[in-house]
Amino acid sequence: MTDIRIEREFSVSAERLFAAVTQRAEAVLWWGPEGFKVTNDQLNMTTTGPWFVHIISPEGKNYKVSGHVTHVDAPRSIGFTWAWHDTETDKRGEESHVTMSVIETMTGARLIIEHRDLGDNETGTGHERGWASTLASLAKFLNQNDLSKEKI
Amino acid sequence: MMILTNAFAALSDDTRFAVVERLMKEGELPAGKLLEGVELSAPAMSRHLKVLRKAGLINQRVAGTQRLYSVRPEAMKAIVDWTMDHRMFWEASLDRLEAHLALEKEPEE
Chain C
1 MTDIRIEREF
11 SVSAERLFAA
21 VTQRAEAVLW
31 WGPEGFKVTN
41 DQLNMTTTGP
51 WFVHIISPEG
61 KNYKVSGHVT
71 HVDAPRSIGF
81 TWAWHDTETD
91 KRGEESHVTM
101 SVIETMTGAR
111 LIIEHRDLGD
121 NETGTGHERG
131 WASTLASLAK
141 FLNQNDLSKE
151 KI
Chain E
1 MMILTNAFAA
11 LSDDTRFAVV
21 ERLMKEGELP
31 AGKLLEGVEL
41 SAPAMSRHLK
51 VLRKAGLINQ
61 RVAGTQRLYS
71 VRPEAMKAIV
81 DWTMDHRMFW
91 EASLDRLEAH
101 LALEKEPEE
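Taken in sequence, the protein lines are chains C and E.
Position 106, counted from 1, in the first sequence is what the numbering used here calls 106; the numbers after and before it change by one each time, with no gaps.
Position 70, counted from 1, in the second sequence is what the numbering used here calls 70; the numbers after and before it change by one each time, with no gaps.
The hints are simulated quantities; they were obtained by calculation from the structure and are not laboratory data.
Since the structure is predicted, the reported quantities are computational estimates derived from the model, not experimental observations.
It cannot be assumed that every hint is accurate.
In silico DSS-like cross-links for lysine-lysine, where the CA-CA straight-line distance does not exceed 27 Å [to be verified]:
hint, chain 1, residue 1, chain 2, residue 2
1, E, 25, E, 50
2, E, 54, E, 33
3, E, 77, C, 61
4, C, 91, E, 50
5, C, 91, C, 64
6, C, 91, E, 54
7, E, 77, E, 25
8, E, 50, E, 77
9, C, 91, C, 37
10, E, 50, C, 64
11, E, 77, E, 54
Please model the complete structure; the sequences and the hints are all you need to start from.
Okay, structure coming up:
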């Protein structure tokens with residue numbers, strides 16, 4: 001239902017950035033937020049084929065994501081499918097698509113991550129604006145309501 | 001997970017989506033107020049409100065002869081957490097990638 005596009009500039013060459021993104025030895029070092037650890041993985045994104053990663057949060061919660069690397073165009077881009085597994089049943093959730101592109105810049109290289117949910121293709125993009133404004137309303141709403149005081 | 005899929009199913013209807021948006025903007029409202037400006041019969045609105053209530057998106061409160069409706073903050077938070085998940089995941093991962101790549105640029109001791 002949502003498309004995410006994230007860009008980040010790095011002061012290294014496109015080749016260096018592409019290697020850090022796709023090679024397993026480096027990927028395990030940065031996948032997941034600070035404090036998270038990769039505990040088991042198939043994170044080699046240099047060739048097409050299945051991939052997965054198990055990540056543990058600082059609180060000890062385990063997360064699992066898996067998919068298939070669908071294209072590798074070194075040192076420009078990779079594409080892979082993505083789905084979280086249910087933490088209790090291990091059931092694989094709805095699949096989405098991720099594309100990582102590396103573009104050479106004047107000062108180094110830029111990484112563009114596009115995370116696209118499959119749902120979008122099925123329903124069209126008509127809801128996109130609605131979602132954006134709703135999320136803005138949500139943010140405002142949540143700021144006005146201190147959730148820590150709510151009983152759940 | 002169960003709650004979220006119910007919530008999205010309930011919100012996939014334009015009328016119900018609009019009701020939730022309005023309740024977020026204007027706060028608690030009586031059913032009569034929700035009918036203003038929309039071409040909908042009272043029983044139809046009542047059915048929509050019931051769907052939203054069953055999905056856990058809104059609360060109903062009885063005050064005298066009025067039924068008042070409001071958004072459930074916990075439900076909204078669950079939706080935000082879900083939609084933000086991936087953006088936060090990638091942003092946080094890129095912070096680490098940035099730190100990792102910056103490390104090798106430091107001079108050797």
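The hints, checked one at a time:
{"no.": "1", "hint": "E:25 / E:50", "result": "holds, 20 Å"}
{"no.": "2", "hint": "E:54 / E:33", "result": "holds, 21 Å"}
{"no.": "3", "hint": "E:77 / C:61", "result": "holds, 20 Å"}
{"no.": "4", "hint": "C:91 / E:50", "result": "violated, 30 Å"}
{"no.": "5", "hint": "C:91 / C:64", "result": "holds, 10 Å"}
{"no.": "6", "hint": "C:91 / E:54", "result": "holds, 25 Å"}
{"no.": "7", "hint": "E:77 / E:25", "result": "holds, 15 Å"}
{"no.": "8", "hint": "E:50 / E:77", "result": "holds, 21 Å"}
{"no.": "9", "hint": "C:91 / C:37", "result": "holds, 22 Å"}
{"no.": "10", "hint": "E:50 / C:64", "result": "violated, 36 Å"}
{"no.": "11", "hint": "E:77 / E:54", "result": "holds, 17 Å"}
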